[in-house]
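**Student:** Heads up: the protein sequence lines correspond to chains A and B, in order. If you number the first sequence the way the working numbering does, the last residue is 371 and the count never jumps. If you number the second sequence the way the working numbering does, the last residue is 222 and the count never jumps.
It should be emphasised that the hints constitute simulated quantities derived from the structure, not laboratory data. On a predicted model such as this, the values are computed, not experimentally measured, just so you know. It is possible that some hints are incorrect.
As the list claims (entries may be wrong) - For lysine to aspartate or glutamate, the following EDC-like pairs were computed, each having C-alpha atoms within a straight-line distance of at most 20 Å:
1. B:102 to A:57
2. A:351 to A:57
3. B:53 to A:190
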Amino acid sequence: MALRTEPFVLNIGPQHPSSHGLFRLEVTLDGEVVTGLELVLGYLHRGIEKLAEGRTYIQNIPLTDRLDYLASMTNNFAYVLAVEKLAGIEVPERTEYLRVIMAELMRISSHLSFIGFLLNELGAYFTPLFYMFREREKILDLFEMVCGQRLTYNYMRIGGVSQDIPEEFLPAVKRFVAEMPRLVDEYEQLLSGNEILLARTKGVGILPRDKAINASASGPVLRASGVKWDIRKVDPYSVYDRFDFEVPVGSVGDVYDRYWVRVSEMRQSVRILEQALKQLPKGEVWTKVPGLLRPLRGEVYGHIEGPKGELGFYLVSDNSIAPYRFHIRPPALLNLTALKDMVVGWKLADAIVIFGSLDTVLGEVDR
Amino acid sequence: MRFERYGIGIIKGLMVTMKNFLRPPITLQYPEEKLITSRRIRGNELVWQVSKCTGCATCAKSCPQGNIEIVTHLGTENNYVVDKLQVDTGKCMFCGLCVESCPYEALFMGRSYERATYRRRELVLSKEALELSEDRQPSGYFYPRIEVLLPRQTLLLYWDREDGQKLCWFPWRKKANRGRR
């Protein structure tokens, strides 16, 4: 008598310790192998896009903090750049540099928490995470010094930043920049050569180059698949054209490459920080912008290279104090659409790791 | 995946673990020991200086949540007297936009951050609970003149320095104990 088998549907989530937020993964299993995958989104939907249409341009800045809450500073940055493009506001040079310094510190912090949580999913429960969180804590301390809070910064303003940096900020960042390369080496010594990590990540969850482009993936996920696409290079915003840095590119597009690209990006961020600190000019941090800004009729799309990929804001103005349309292009959502291509054919334990390698923050996906 | 010499990577990783095992801890025993927060901390309360407030309600207009309630009446000396100022800190997200918008420097962020209560209604701060007093001091957020008076923030970056904050576990490493507050 032949054994009767049938596919088994398993729900991963909505609560899952490694996903930042609520999210359900409906996996169809054949034994242990994943044969189908359905993403169920919307558990963390707060209606930010609609809320933003009822608030003035400056009141929307705290809302953008709540998108990708592990990288609030870059969300502020992207939104503020879009509004400045819409209203045609020039910002002082010192502000541009301060914004770049904050964005790069935020990128390091976001990548650190990515590596920690990836290792969490591999089963190295919370030990590597706390190595990463030690350094993340240092960055959060710096942000707290500048803007008074550790998660929702609300630091950037239209036409500037909310306040100039305090005097003890620059020595502290210099110290951080000086010690960070050594600490990245420490992580590499701890993790990159580890046989268990290599066995679990090398060749797992390959996303081919053409599929990554078709899914309009961006950021480290796209770069791990071998596409040299970084908005800081291809469409330089702010003062990124003045810095000398490389874009790390992976070769295969597996989980290890995504890990490696992020580790290399942290080194490049440190390089940008070094140059930015050297070039930081003195002067004003704020241009006069009316509190109730009324940009002329028009629409604009402003995008930056966030830690997770291309973060864009599409704004339509009808010459009133609030945006007529406020649309967010979240990198994590578009990276998630490629998940099915990567996961099908792998075992369930690998599916979790592949999902973790996308660095999804659900606050941004559901917004 | 196959390896020629299995275990080298793990031993290298354990060397990092050993190095970190021998250093003093960087964590703190929280309720007993406390870090000094940032001078610009946006704590979980607002501080209101009643003598400077004119009742113009700019703070209420700038609040993204519409969270500040202010009621005034016309006083005798051609001024407005504030009857009611109420902030629900359960709804407030402490973005600081009200403080930045105040044209008369009457509103500040507070410095306290331990504001857990048993009842939700205790989070609603009325006029008396917002007023500037001995135990309710403003933070330096947006006000550099207050900022310079406040103590310096303890940073994890300087944890192994003399101005660091941590007591070492190991009595033979007396050097690390010097910086204890």
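**Student:** With reference to the structure, classify each hint as holding or not holding.
**Tutor:** Quick rundown of the hints versus the structure:
For the suggested pair residue 102 of chain B and residue 57 of chain A, the alpha carbons sit about 16 Å apart, so the restraint of at most 20 Å is met. Taken as a hint, the residue 351 of chain A and residue 57 of chain A pair is broken in the structure, with Cα atoms around 44 Å apart against an allowance of 20 Å. A distance of roughly 10 Å separates the Cα atoms of residue 53 of chain B and residue 190 of chain A; the hinted pair therefore holds under the 20 Å criterion.
Checked against the numbered hints above, the structure violates only hint 2.
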